[in-house]
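Protein sequences, first through last, are from chains A and B. Going by UniProt numbering, 123 is the number at position 123 of the first sequence; the sequence numbering is gapless. Going by UniProt numbering, 8 is the number at position 8 of the second sequence; the sequence numbering is gapless.
One or more hints might be untrue.
Note: identical chains are not told apart, hence a pair may lie in one copy or across any two.
[Claimed, not checked] Below, in silico cross-link-like pairs of lysine-lysine (DSBU-like), each with a Cα-Cα straight-line distance of 35 angstroms or less:
1. K101 <-> K7
2. K101 <-> K278
3. K101 <-> K62
4. K174 <-> K260
5. K278 <-> K260
6. K7 <-> K260
Worth flagging that the hints you see were computed from the coordinates, not collected in a lab.
There are 2 protein chains.
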Amino acid sequence: MQTELSKKLGVEHAIFGFTPFPAVAAAISRAGGFGVLGAVRYTAPDDLKRDLDWVEAHVDGKPYGLDVVMPAKKVEGVTEADVEAMIPEQHRKFVTETLAKYGVPELAEGEASGWRITGWMEQVARTQLDVAFDYPIRLLANALGSPPADVVARAHERNVLVAALAGSARHALKHREAGIDIVVAQGYEAGGHTGEIASMVLTPEVVDAVDPLPVLAAGGIGSGQQVAAALALGAQGVWLGSLWLTCTEAELTSSAVTRKLLAAGSGDTVRSRALTGKPARQLRTEWTDAWDDPNGPGTLPMPLQGLLVAEALTRIQKYEVEPLLGTPVGQIVGRMTSERSVQAVFDDLTRGFERAVDRMIRIAGRSGK
Amino acid sequence: MQTELSKKLGVEHAIFGFTPFPAVAAAISRAGGFGVLGAVRYTAPDDLKRDLDWVEAHVDGKPYGLDVVMPAKKVEGVTEADVEAMIPEQHRKFVTETLAKYGVPELAEGEASGWRITGWMEQVARTQLDVAFDYPIRLLANALGSPPADVVARAHERNVLVAALAGSARHALKHREAGIDIVVAQGYEAGGHTGEIASMVLTPEVVDAVDPLPVLAAGGIGSGQQVAAALALGAQGVWLGSLWLTCTEAELTSSAVTRKLLAAGSGDTVRSRALTGKPARQLRTEWTDAWDDPNGPGTLPMPLQGLLVAEALTRIQKYEVEPLLGTPVGQIVGRMTSERSVQAVFDDLTRGFERAVDRMIRIAGRSGK
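The following block holds chain A by itself, in its conformation from the complex:
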């Protein structure tokens, strides 16, 4: 499965895998794809350094990349405390009451909330980059808008390609103007932050808009047929995130979240602002229902919502409070029905792709094999 982009990056298959877990990222690259480690959870540079060391030691010399979350809009001199102060009392009360209603235990004294707003701040992302540029990463992706010009320049000096996610052709064009090398077209069905245009429509629209820049299709891809469909739409590769969450290498194995993911159907996700303040697809839970309820206080804008719910989410996750427990994931969750190794998932994708090509050749009446 070779496109211009996969050749440029020296990977066997044009399958890019985004994951927060180093073991998954390394396994994707070893399997012949391109593993991309999500950096957002590394608020301490040393933690990121430790995990990049691990990836470097387990990737068998294969290429890999890093994904950061740099907000498109730069906010100068605003601290976490400033943002905290902007949160209305009514919303804090709603969090407290909802947690109490479900009997969610408190964190132990001094125990930190794992997921902090700081990971979304440019300053923290820059610290992550300072660490990452010491490693031979081949790709830097940004999940929120184009990275700042100096970051793009710094990446290009190091021969690192820069990718950015886009939910519309307009966003994609902004990325091209910002000197981005690869656009990830993130369809409505994708997990995490996503727009309203479905992959079937979005992918070719973005391909046409930014031509000749390469486009990766994201959203709704979890089988070789879907890989084939994305490539038929003009993408130079696919960008998969959800599918790896239930891999045995993921740090979620045997957790309550994994059980919920394995049980969920394609209709069990919701595009909600409950997580960050911007629409993000995730498992639908009683927590997202509470935030999306027109009789509730509603969500706050980014970054307030993320800060508001950070500790609550840590508690829900730590104590595995099932009715409230969720995770960002796409509609492809319906295909995630068993825990498998990254290699097994990868083999399934590449074999399914070959079968889909066989079928296309038959339908088109081509003789070739």
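With chain A held as given, fit chain B onto it using these hints.
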């Protein structure tokens, strides 16, 4: 572009075109596809007879079909007057006020509203079938659930295949149980009544669920690349509706609706209950905004909403009141940028499909041509 289903129906290409316009339906079949005439607007049997005569005379002996709207739930002995009586005064007032706000003129005395709820009633659909079964139709499609058992049996006696639209694997399984021959998997991005699962995820899910029944992919398809993608997902053909609206053979040519369709981007549609009471994708207008406004009265359930707005929509369409003027259409509207003949659109689809297959063969490293 040959699949088992296209061979069974004797068409050159596995492209099914749904349209309310006889000239478009006939042109699709003549071009080598399968034209399906929408019957919902024919409340008088003689009108349907006249138009089926026309299709029969212009289809050059090629196969074609009919699409009816038979509600899944049978409501016995309920008249239009009964339904009228269930509409709250507050909602009638909202319609009157909204029309007044935009200065929408009244219809002339005795002038009938063109679009009536009656077209959605089983009794009317049965009258349409009585007419249609006198013609050599090869396919009967139903847009709302499975048709009643006696209708399926009647179709099968006449060697007519029965198709039904589904927005989820669960709906598709119900169709299979009802003896349906073909499932149309209608993705989130499609025009008209549609669910929340995008085509990229829905198509293979429905294919797997109803195997070995053939599945047509609907939603987001307007180019040969998208046809190829849908077939890669396991569909035995594609079902296109939106794309024909801006064809020169359509009865909308040069109208204000056509101008709006040509100008609209993929982000200019909305999935709203404003039209019928069930979520249907359509152009976003100040009319849909008014109904979707949380400060408004909100929409009524089907069939009340359709009856409530029928006259208003006729007035808006007749007088081409631009800010309120809409039509059901999918996200593919962004690709509809010029008025072209059905044949030109068809050639574009088939050539684009061949190019997409060429590209797939290259990416897969196959030698064949």
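Quick rundown of the hints versus the structure:
Proximity of K101 and K7 under a CA criterion of 35 angstroms is satisfied in neither setting, with 54 angstroms inside one chain copy and 60 angstroms between copies. When the C-alpha separation of K101 and K278 is checked against a cutoff of 35 angstroms, the pair qualifies both within a copy, at 26 angstroms, and between copies, at 34 angstroms. In this homomeric assembly, K101 and K62 never come within 35 angstroms of each other (Cα to Cα): the closest approach is 49 angstroms inside a single copy and 64 angstroms across copies. For the identical chains of this complex, K174 and K260 are inter-copy neighbours only, at 26 angstroms across copies versus 37 angstroms inside a copy, given an alpha-carbon limit of 35 angstroms.
For a Cα distance limit of 35 angstroms, the shortest separation of K278 from K260 qualifies both inside one copy, at 23 angstroms, and across copies, at 29 angstroms. With identical chains, the CA atoms of K7 and K260 are never at most 35 angstroms apart, being 37 angstroms at best within one copy and 43 angstroms at best between copies.
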